[in-house]
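In terms of UniProt numbering, the sequence shown has 85 at position 85, counting the first letter as 1, and numbering is strictly consecutive.
These aren't lab readings, by the way, just hints derived from the structure by calculation. Beta carbons are placed, not taken as given, at the ideal position from N, Cα and C, and that holds for glycine. Treat the hints loosely; a few may be bogus.
Below, a list of computed lysine-lysine pairs in the DSSO-like style, where the Cα atoms sit at most 30 Å apart [to be verified]:
# : residue 1 : residue 2
1 : K403      : K360
2 : K249      : K221
3 : K517      : K404
4 : K517      : K403
5 : K404      : K360
With beta-carbon atoms standing in for the labels, derived distance ranges [to be verified]:
#  : residue 1 : residue 2 : range
6  : H106      : L154      : 27 to 35 Å
7  : L285      : R177      : 13 to 21 Å
8  : E531      : Q44       : 37 to 45 Å
9  : N41       : E531      : 49 to 57 Å
10 : R318      : I232      : 30 to 38 Å
11 : T91       : G149      : 48 to 56 Å
12 : E494      : L229      : 42 to 50 Å
13 : V36       : E298      : 51 to 59 Å
14 : T91       : V28       : 20 to 28 Å
15 : T33       : P254      : 53 to 61 Å
16 : S57       : W202      : 19 to 27 Å
17 : R318      : Y178      : 14 to 22 Å
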Amino acid sequence: MHLPFLQAYFNAWLVNDAKRHIFVALWVILQVTVFVVGHTNYEQSDNFTNMREAMGSGFAYFKATTLNLHLTTAVILLPLCRTIISYLRRTPLNRIIPFDDAILFHQLIGYTICFFAVLHMFIYAVVKASPDSSGKRMSTSEFINLWFGIGPQLVGNLMMTCLILIFLTSLPFVIRRYHELFWYTHHISFIFFGLFSFHGSWCEMQPDREPKCEHAGVFWKYWIFSGILYTIERILREVRARRGTFITKVLLHPSDVVEIQFRRADISYKPGQYIILSCPEVSLLEWHPFTLTSAPQEDFLSIHMRQAGDFTQAFARRLGCGPNLETKKMESVTEKTEQPLLPVIHIDGPFGSASQDVFKYEVITLFAAGIGVTPFASILKSIWYRIHYPDGSGSMGRSMRLKKVHFYWICRDYQTVEWFQDLLRALEEEDKDGLLEIQVYLTGELSTEQIHNVALNDASNKGLETNGDGPRDAMTGLQAPTYYGRPNMDVIFERLSDQYHSTDVGVFVCGPKSLEKSIHVAANTHSQAGEDGTRFIFNKENF
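With the hints as constraints, model all of the structure from the sequences given.
Structure below.
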């Protein structure tokens with residue numbers, strides 16, 4: 001009875017999760033293999049007999065952890081090479097390697113480094129505290145002098161301090177509340193790499209035969225390749241960022257969301273991609289990712305920035321749109337002057353993301369929560385241009401495979417909807433063939449005035465047509481009705497699976513982890529087995 005469901009769930013797992021889970025499993029297997037092979041080598045090698053006698057059985061475990069640290073340190077910078085990752089996700093390798101999860105893999109490598117670093121130090125402490133072959137145990141003062149002495153122990157302690165600071169400031173709640181602390185503390189990783197490079201220079205663990213210190217002080221060789229790639233990436237970022245970028249317009253939307261429009265001639269991009277932005281007048285070193293909300297068919301680029309941290313608030317104040325100000329509009333007199341009214345910004349990118357794959361499907365569902373609507377704004381605008389220019393004539397628009405778009409926007413209040421209210425209205429007016437279905441969910445409490453307004457408008461709209469220029473929703477002004485409360489994902493996906501047989505439905509999500517998880521589970525649960533079944537292909541934003 002449950003076999004078709006299990007088969008469907010397994011098929012959905014293969015599509016949505018297999019790449020990531022297999023990649024993590026291979027990473028774990030690789031780490032275990034390196035540790036076991038290293039331990040076996042140092043336990044049985046006839047070139048380390050003296051060290052095994054001096055340190056006991058802990059020597060092989062101690063040395064094995066160094067191999068894991070060499071491997072993890074060698075690759076931790078690779079997932080941060082955004083330009084290379086964006087290029088590789090356009091190749092067939094993207095079918096095998098989950099490039100969209102590059103940051104998650106970087107985090108996994110960081111956790112692995114922390115694990116083996118702690119294990120490395122723990123084994124060293126146990127070995128040194130244990131009695132030697134003659135039964136003599138090191139005194140407490142000798143142990144303290146050794147642990148905090150000048151040499152590899154001091155360097156190791158400094159490296160561990162760096163790792164602790166990086167780990168603590170990388171916790172999710174710290175990143176959300178104190179992003180600047182995370183950003184600056186993360187850069188002490190360069191100190192870690194510098195200390196790591198000569199941690200073994202003292203040649204403390206010597207083999208029995210000459211040359212005994214041939215490999216001392218060569219730890220830099222393990223990370224130099226990825227380090228060079230990352231350095232080139234950062235240099236290219238700085239070079240590309242120095243090209244002329246001029247802010248042309250700033251709009252302050254409700255809920256302290258700032259829309260920034262700018263121009264740069266050398267950028268071409270796809271809907272759903274993102275850039276990395278820096279404002280030297282606010283911070284010389286900080287770079288922050290923002291999804292482009294403009295469409296490629298427009299003659300400008302734009303982002304929507306919610307003022308939720310120190311950088312975004314300081315940037316907004318410099319733009320003249322600090323928190324809790326009334327909606328207003330600013331324009332620079334010219335695009336370039338000796339003393340511009342608006343600050344200079346540097347941008348790098350664009351970079352690839354999961355959302356840019358929306359036009360590969362005939363049916364897509366877009367789930368956004370609050371400011372998470374930004375990647376879909378660019379997509380919806382591009383759809384508008386493609387509807388408006390269906391024959392692909394001119395420079396704006398081209399035909400597309402897409403036949404149906406289900407857009408779900410979960411907002412706390414009505415003010416959030418105003419960010420893209422005009423865009424959604426324009427899409428409804430141009431959508432003569434029913435391509436777009438909009439569902440807006442308001443999860444916050446309504447005021448008494450809003451409740452009366454909704455009741456009056458609903459009563460006056462009864463019996464009227466809902467197409468063309470028919471009645472509009474009292475809250476959003478859209479023809480699509482507004483739903484109050486959180487959406488039931490099981491109901492939504494069950495309806496979609498009944499509606500689209502023999503179809504791969506693209507599911508795209510940008511929002512908090514709780515929303516991603518609920519949609520991910522629903523997509524897997526409601527995928528159907530067989531040729532006539534519906535498969536939900538899950539994609540989420542991650543940068």
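Taking 13 to 21 Å as the hint, is the beta-carbon distance of L285 and R177 inside that range?
20 Å, holds
Is the hinted range of 49 to 57 Å satisfied by the C-beta distance from N41 to E531?
52 Å, holds
State, for the Cβ atoms of R318 and I232, whether the hinted interval 30 to 38 Å holds or is violated.
With a Cβ separation near 31 Å, R318 and I232 satisfy 30 to 38 Å, so the hint holds.
Just tell me: holds or violated, for the beta carbon distance of R318 and Y178 against 14 to 22 Å?
Distance hint for R318, Y178 holds at roughly 20 Å.
With the threshold set at 30 Å, check whether the alpha-carbon distance from K249 to K221 stays at or below it.
Outside the cut-off at roughly 48 Å; violated.
Do the beta carbons of T91 and V28 sit within 20 to 28 Å of each other?
26 Å, holds
Hint check for L229 and E494 - Cβ pair distance inside 42 to 50 Å
46 Å, holds
Given the hint that K403 pairs with K360, test it: the Cα-Cα distance must not exceed 30 Å.
11 Å, holds
Is the hinted pair K404 and K360 satisfied, with a Cα-Cα distance of at most 30 Å?
Given that 30 Å is the threshold and the Cα spacing comes to 12 Å, the pair holds.
Do S57 and W202 keep their Cβ atoms within the hinted range of 19 to 27 Å?
23 Å, holds
Holds or violated: 37 to 45 Å for the Cβ distance of E531 and Q44?
For Q44 against E531, whose Cβ atoms are near 55 Å apart, the range 37 to 45 Å is violated.
Taking 27 to 35 Å as the stated bounds, is the beta-carbon spacing between H106 and L154 within them?
With Cβ atoms ~28 Å apart, the hint holds.
Figure legend: structure checked against the earlier numbered hints; hints not met, in rising order: 2 and 8.
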